[in-house]
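Asks: Note that the protein sequences, when read in sequence, are chains A and B.
In case it helps, the working numbering puts the first sequence at residues 7 to 348.
In case it helps, the working numbering puts the second sequence at residues 7 to 348.
Check each hint, because a few of them may be wrong.
Identical chains blur together in the list; that is why a pair holds if it fits in one copy or across any two.
[What the hints assert, rightly or not] Straight-line alpha carbon distances no greater than 30 Å define the calculated DSS-like cross-link-like pairs of lysine-lysine that follow:
1. K300 <-> K279
2. K279 <-> K343
3. K279 <-> K25
4. K194 <-> K84
5. K300 <-> K84
6. K343 <-> K194
7. K94 <-> K25
8. K174 <-> K25
9. K194 <-> K25
Note that these hints are calculated values from the structure, not bench results.
2 protein chains.
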Amino acid sequence: MTEFNRRIVLASRPAGRPKPSNFRVEDAAVPEPCDGQVLLQTIYLSLDPYMRGRMSDAKSYADPIEIGGVMVGATVAKVSQSRHPHWKEGDIVVAYSGWQSHAVSDGSDLRRIDPAVAPISTGLGVLGMTGFTAYAGLRNIAHPGPGETVVVAAAGGAVGSVVGQIAKIEGARAVGIAGGPDKCAFVKHEFGFDAVVDHRDPDFPQRLADACPDGIDVYFENVGGHVWDAVLPLLNNFARVPLCGMISHYNDDASSTPAFDRLPGSMRDIQRKSITVRGFMNVEFIEQQPEFLKSAAGWIADGRLTWREDLVDGLENAPEAFIGLLEGRNFGKLVVKVFSEQ
Amino acid sequence: MTEFNRRIVLASRPAGRPKPSNFRVEDAAVPEPCDGQVLLQTIYLSLDPYMRGRMSDAKSYADPIEIGGVMVGATVAKVSQSRHPHWKEGDIVVAYSGWQSHAVSDGSDLRRIDPAVAPISTGLGVLGMTGFTAYAGLRNIAHPGPGETVVVAAAGGAVGSVVGQIAKIEGARAVGIAGGPDKCAFVKHEFGFDAVVDHRDPDFPQRLADACPDGIDVYFENVGGHVWDAVLPLLNNFARVPLCGMISHYNDDASSTPAFDRLPGSMRDIQRKSITVRGFMNVEFIEQQPEFLKSAAGWIADGRLTWREDLVDGLENAPEAFIGLLEGRNFGKLVVKVFSEQ
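Make a model of the complete structure from these sequences and hints.
Replies: The structure is reproduced here in structure tokens:
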């Protein structure tokens, strides 16, 4: 254990694609917990696309990170000191303590996890917020019926892989979209999707149509961009589109948008096909998290739900890994190992 | 009564804005009803924006009108001959008999209307499909709560005027958008909207913001275009957007779209504010029509629901009136008087 708190702060706001110079590594004193607080030692840090939004000062659902402020993020951490009656040393928790090796917490943002169910890093992925995002969007917005076709992009990613697997559990047909033959093969064989289409294929729209002979009933939207253009003509009447992200646009700047307005055509199709588009964040359904964790633990135990992690070693490598995440370079849930579990 | 069936057919498909030459007036023999049929004499013809879509051969929810085919549309008609046991001469019905003076029907598409409730032309407007569109969108998608802010564009139009009045009946605050000071004044004073904003005002976005100090909870979308751009930043978290039309785009051709893609920004706002956009057509809720008619008759009787008609005299003037409708030149529900009621 180091003697200091290593942390990564926002050095400057990115214009478009983040650069390493937008981040700065700092070493500070390890904070001291007061009465009613615990000291956390970060084991794993989650890297997620939403963090790009928090680096900008554009109006959003959450305040931007201040310049010089620690990058935000979910972590799996060990309680290394406790001055709180409900937490004891050695407890493994999910916290929201950010890109740093240590943090204090009053316990209100902690969730204890059971290392017997699955490796603790899954508390950031399949048993964490990304898995819950998939569950909440399917259950509350998409409600796929047996035999319906569910399409999800970034199907090798942390959300998409769970969307497809839960869709299958619900009796639907799962069609994944991923980038490159390796990811596509993995999505099909490891996650058990019924079909997978490579969005880099020059014939991608036709390939997607071929993979969806009965059209698309649910499109779980988390990427935007040219995938939407291929999906829209295939959406059936009364299709549902849970919308939890637009990763392909997170790095857009004024020069990025094509010189063509796709909005009227999209709205026209939404109208004439009675489509529902519903933006959401998992937190609005947070009261369903316990039942999700119970269901997911069961699905993991009986082999119907699996996951893939892309593990990066060392907090100082988080910025580069995050930049790659926004370009789709990760393969599975991107997690940074900060300290060893022991 | 003329000796022939005057009808208006589609002479050619419009590119962009329809022109008078896209229509042709024809006189044909009055059809003879067979056993099980009635002969209808058209009293009023409804002109509605959706007809623009039917003039194109682009894929849509309904087949296009064929070249040389009679323009489609709802009518209020009188049964002038009956060879059907359930209909008698003199019955006043809503039919879907199109832009013509006479038609035969087997009765399956007819709905009897009671002239004692309101003038029979309202069977095409406030007590017809436009009124029902407003009701169905509010009841099934928007469900405005007391004190919420409901915004509707084309507030002087057949759908918009009913949206605002039902929103008020439900206890919501109704804010209308209309074009020009005369329409705005009418919407405010005759339809009782709480506020009205002129979309031609150079400060329209700011005026709309001023009229919606608590943001917008429901935006009933029936126009598209620059109104959406002003509405989007004002939508509250969990706002609902029933989408029943995009009249400002119906005449778009390849040269009409601005050189800027508004889709990613719209989708991003939909996501971060957990907004629901739901396209719909009133027919999907058609089983609610009887309860709508009962409620609306009550609201008319107690003075809470009123309407305005823009009456055009003579079937041969329908094309010009329809072209004006797509440019917002009408003021109230646009209806063509084909024959006198007596």
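Asks: Okay, which hints does this one fail, numbers in order?
Replies: 2, 4, 7, 8 and 9
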